[in-house]
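A.B. asks: Residue strings, one per chain:
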Amino acid sequence: MPLITLNNVSRRYETGETTVHALRDVNLQLDAQAFISIVGPSGSGKTTLLNVIGCLDKPTQGAVSVNGTRVDGFDNRDAAQFRGDNVGFIFQNFNLLPVLTVYENVEYPLVMVQNVPENQRKERVMRLLDAVGMADQKDKYPSQVSGGQKQRIAVARALVADPKLVLADEPTANLDSVSAHKVIELMRGMQHELKTTFIFSTHDPKVVREAEIVYTLEDGQITNRETRAGLTN
Amino acid sequence: MKNIFKIAFRNLKRYKRRTLLTSLLIVLGVVLVIVFSGISSSFKTMMIGTITDSMLGHLQIHKKGYVSSIDNLPLHLNLGDKQIAELTELLDKQDNVEAYTFRIKLGAMLSNYKETTNIRLTAVFPDMENKTSPALADRIFESTKSADKFIEPGELIVPENLATGLNLKTGDDLVLVANNKDGSVNGIGLKIAGVMQGLTGPSGRDGYIHIDDAKALLRIDGNEISESAIRLKNPDDIKQTRARILHELEQFSNEKGKPAFELHTWAQLSPFSTIVTVVDLLIITVKIVLVAIVLISILNVMMMSVFERVSEIGTIAAIGTLPSRILGLFVAEGFLLGLFSTIAGNVVGVLALNLINLANFQFSFGRMENIILKTSIAPGELITVSLIVIAITLVSSFQPALKAAKMQPVDALRHV
Ligand SMILES: Nc1ncnc2c1ncn2[C@@H]1O[C@H](COP(=O)(O)OP(=O)(O)OP(=O)(O)O)[C@@H](O)[C@H]1O
Ligand SMILES: [Mg+2]
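Listed in order, the protein sequences are those of chains U and V. The first sequence begins at 1 in my numbering and counts up by one. The second sequence begins at 1 in my numbering and counts up by one.
If you're looking for bench data, these hints aren't it; they were derived computationally from the structure. Take the hints with a grain of salt, since some may be wrong.
What the hints assert, rightly or not - List time: in silico BS3-like cross-link candidates among lysine-lysine, alpha-carbon distance up to 27 Å:
| id | chain 1 | residue 1 | chain 2 | residue 2 |
| --- | --- | --- | --- | --- |
| 1 | U | Lys-122 | V | Lys-215 |
| 2 | V | Lys-114 | V | Lys-215 |
| 3 | V | Lys-181 | V | Lys-82 |
| 4 | V | Lys-13 | U | Lys-140 |
| 5 | U | Lys-138 | U | Lys-122 |
| 6 | V | Lys-16 | U | Lys-140 |
| 7 | V | Lys-6 | U | Lys-122 |
| 8 | V | Lys-2 | U | Lys-122 |
Owing to the predicted nature of the structure, the values given are computational and were not obtained by experimental measurement.
Put together the whole structure using the sequences plus the hints.
C.D. replies: Here it is, written out as C-alpha cells:
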C-alpha cells in the first residue's frame, strides 16, 4: 500500500474576482521509504501540494490519505495532532525558535508535541544531533550558527520524533551551493538510515539530481515522473 | 508545564525593554494601591479608634427611642433597675464583649458665680468607664489621678472650650443646676478636677461627673442610666456581635409589647462613619485604576507579542503543537509578567509604607495634634491585590493567546 494517495485533488484559491487553480485533479501515489523531489516553475503548485500532503492545507476537492488515514477532513486540532505524530517539516527559512538552544530546538517536538518523558529525550536528541554533526554546538542559540548549520538542526528536529514522512519546501533555497549540497546529502543519508520518506521541492537542478523520483508540476498538474537510473523503478 | 513556562519566560526576556516597561507600569499600579490603602486604612483605623476608645465604644444600648431624641438628652427615656439587671446579665455572658459601662447623660447649667453657661454632662462609674473607654483618661490635662478613678464624687471635669472661655482652673468651685424628670430644679456644688481635651464633633461642650452626683442632682432614687457603651475584644466582628446581642435583646419588651431596648453601632452614632465610607470608596477607585492599568498594558504587550511572532506561531503549529498548548504558551507569558510585577509591586509597596513610617509624618485631626502617621497593611489585603492583578493578567492575555492558537499554520508561515 502506498504511503500517500491523492485522488482527484484540486485546490482553488478565490481571490476577489479571480480563481487560481493551484492544483487540478492531481492523482498521485507515493511509496514509503523514498527520496522524492517535486520540481516545476514558480507558481506551479509545489508548495500547495506539499501543504496538502502535510495536512497544513485542505484540498477544495478530492481525497488525501497519508499512512492509511484520510486527512482531508481534519479540523485544526486533529490536523495538528496528525502532523505531530506523522510528519516532520523542514522549511526554506529554517524556522528554528530563536529563544531555544540548538539542543532545545531539536528536543521541542518531543517535549511540546509528543510529551516524551525527560529521561528518554536526551538520548534521542543527542543521537540526531550527532547524525547531523551539530552535537558540539548544542548549547548555542540559532542566531549563533550559520545557515547551513541551521538547516542541519532543522533536519534533526524534523526527524527526532520518528515521523513516517518528512516534507521540505525548498530546503536549500536560502543556502549557498556548498551548504545546499551538504544538507541534501544529509537528508538522503538520513532517509536511507531511518527508512523515512522524504519529499522536497526545489528549483535547483543540482539538488534535483540527488532525488530517486522526480515529479514535475506545471500549472497545478503533474506532467512528468522520472526515476533515476539504477534506483527504484 | 515546566517547558511552557520556560519558553514563556525566555520570550519575555527576549523583549527586555518592553517587558520591563510594562512591568514597571504594573508595579507602579500595585505600589499605588498598597501605599494608598495602607495610609488610608491606617488613618481610618486610627480615627475610628480615637472615637470608639474615648467616647462611643463600639456598641451602645439605650431605651427604645432614645437616640432619635439624643440631642435633648431626655431623662424620661432612662433605663431603670430592672433593665440594668437585664443588660448586666446579657452583656456578662457575651464572648466578644471586653467591657461595658453605664452612663447618665444630662444637660445642665454651669455657673462659676459670675457667668453661667449650658453644658452636656456624662455621669460615669469611673472604673467601668475607664475599662470601656481606655483612651478617655489620657485626654484629661494635668490629671494626677489614676485612670480608673479619674473622677470622684464632688468633682467635675470641664471641656477645654468652656475652661478657656470661663477662665476655669483645676480646683475652682462651680455650681451645676439641672431640671429633674418632674420639672423641678436642683443644684449642687462641685470642684473642677481636670480639663478635658476636646474631640471633633458634638463633644465640644461635654463634661464628666461621677454618677453619684448625677443621681443627687437629678434626685434619682435607686438606679437609672441613659446608655450603656460596649467595648468589643475584636472590633472586626462587630456585625456578628451586634446581631447576637440584638437577637437576645428581642426577648425584652415594654408594657406596649414593643422592644424595650435599641442597639446602635458607633458608625450609626458618629458622623465620622461617612468619612470612612468615602475612604473605602477611594480605595476601591484606586483599585479600579489598577485593574485598568493591568488590563490595558498586558493586552497591549501580548497583542504585540502575537503579531511579532506570527511565523514562529506558524512553525510550532506546523510541527504539531496543539492549539491549546499554543494558547497556554501565550497565557503563561502574560501570567509570568503579571506575577513578577505583582511580587515586585508588593515588595516596593511594603517598603514604601515602612519608609513613610520612618519619616514620622505628623498631622492633626480635629483638636488632636501631632498624630504620627503609622501605616500598615493587612497581609490579606496584599493577597487580595495580588490575586486581582494576576486574575486580570490571565483575562487580558487570553484574547491575544486565543488569536495565536487559532492561526492557520499555512497563513502564519507565509507571513514574514
Ligand atoms: N493563499 C493563497 N491565496 C491565493 N493564491 C495563492 C495562495 N497560495 C498560493 N496561491 C497561488 O497558487 C498558485 C500555486 O502556488 P504555490 O505557492 O503552490 O506555487 P509554488 O510552485 O510553490 O511556487 P514557488 O516556486 O514560487 O514557491 C500560485 O499561482 C499562487 O499565486
Ligand atoms: Mg513554493
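A.B. asks: Hint by hint, which ones does the structure fall short of?
C.D. replies: 1
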